[in-house]
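Participant: Model the full assembly from the supplied sequences, consistent with the hints where possible.
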Amino acid sequence: MTLHRYAPMLARTATGPFSSEGWIFEIKWDGIRALASVGAGLSITSRTGRDLLSRFPELGELAGLARNVVLDGEIIVLKDGRPDFTAVLTRLQQDAGDRVAVAEQHPPATYVVFDILEQNGDPVIDRPLRERLGILQEAVQEGQYVVRSRPVAGEGERYYAAVLREGLEGVIAKDLESRYEPGVRSDRWLKIVGTPACDCVVFGFTRGKGRRSNTFGALVLGLYDSGTPVFAGKVGTGFTDAMQRSLAELLHRPGVPPPAGWDAIPGTVTWIDPVLVVTVKYKSITTAGRFRMPRFAGVRPDKDPQACTTDQIVRVAGEYRKKRDFSRTSEPGGGIATAQETGNFVLQEHASRHHHFDFRLAHGGVLVSWAVPKGMPKKAGDKRLAIRTEDHPPDYASFEGVIPDGEYGAGEVVIRDAGAYTPLVWEKDKIEVLLAGKVLRGRYVLVRFSRGGENAWLILRSQEDAGGTA
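If you read the sequence shown in our numbering, its first letter stands for residue 1, the second for the next number, and so on.
These are calculated hints, taken from the structure and not from any lab test. Each statement offered as a hint is correct.
Under the rule of at most 27 Å between Cα atoms (straight-line distance), these lysine-lysine pairs were calculated in the DSS-like manner:
1. K383 with K438
2. K379 with K430
3. K438 with K378
4. K430 with K383
5. K428 with K374
6. K430 with K374
7. K209 with K281
8. K323 with K374
9. K428 with K379
10. K79 with K281
11. K283 with K191
These figures come from a predicted structure and were not determined experimentally.
Facilitator: See the structure below:
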């Protein structure tokens, strides 16, 4: 039986934890992504197609635990109950002759399986996640080195806090109705971490001084935005002396030209082939799209440079940008936005050609937005038509001003209310939130109105409690 090959589905970065029925939450392991194909033989490969089974031979037990399946998961090495990525990386980088010795010197690897893509030659990627998890439960037994992920349903905030207390990175949130989208970074899967991290491409390095005079000073980092390299900053901290020397050997082929528009980067830069991927941790993202307080966190030989895209940081509101000329409007640019807390809402009155109110919820790195022509419902049981519009960047929540004539949405925008919200339900066709603004308070429900067209929703004031409105 021939099994298909798949590119892994990727998660976008959320701006904070949330709880919601219809979502599950699982540990974000500090390991390497691995796709396993169990058919006539067994193969385990990285995102880039690199063989992993020869580097982690103990995972060969998977051949006796499942049949005719394609699986997605993470390879980790545990030390004292916590994942040790350095141990994973050491084994990943060993030559063939050293692997047995390295495997004997390090704790064994574990393959944490969290999804199933195919069974008996039939792809299951179009089935919702809740069904795939049921199939996975029946199709894969656990062993000494192979385990199934154990997600928690609904209680994302509590689980996230517990995970951080254990010294782990964070959680991955997944919509139970989500299909598996190979090769796509989807907002149906969200990465929520205590300290944000990003995989970056090294485009060059600056000259080192003092004890670094024989290596380098800082790495020049970039990300891809629709295939175009975008400068993301420099990182010069977080290196041990040994790592500094090791990295210097990986900085291949100096002397290539810089990417277009990068000539003005301060300092003397030696440009190199953009083939090396590193992970950096950072405090936040500046409005210019640069890392604030970046710190080197490791080399990622398992990552494809072209997959190091800007939407790792926060989803870029692409449709929003296409509709606006930012040389004329004072609206936020909507590129790589600064980090924002999740769970905030804003209600803006918009005196455009068709007067309406814009209701926006911060979720998944953007403001999910609706135009409400007649304003928010005032009494319990009231309902209003709400038209889903393009996602807006998070900093639009503080925007007030006049959009000039001739621009999309020309007219005055005024904030009428803003505050925190608690997501109670966040599903494809239904969203239920508890608002805590000055005017809007209490429970509101948004449901898709199928007869009204693709973007038509209804917003209802819940019967369960009542509050003010605009």
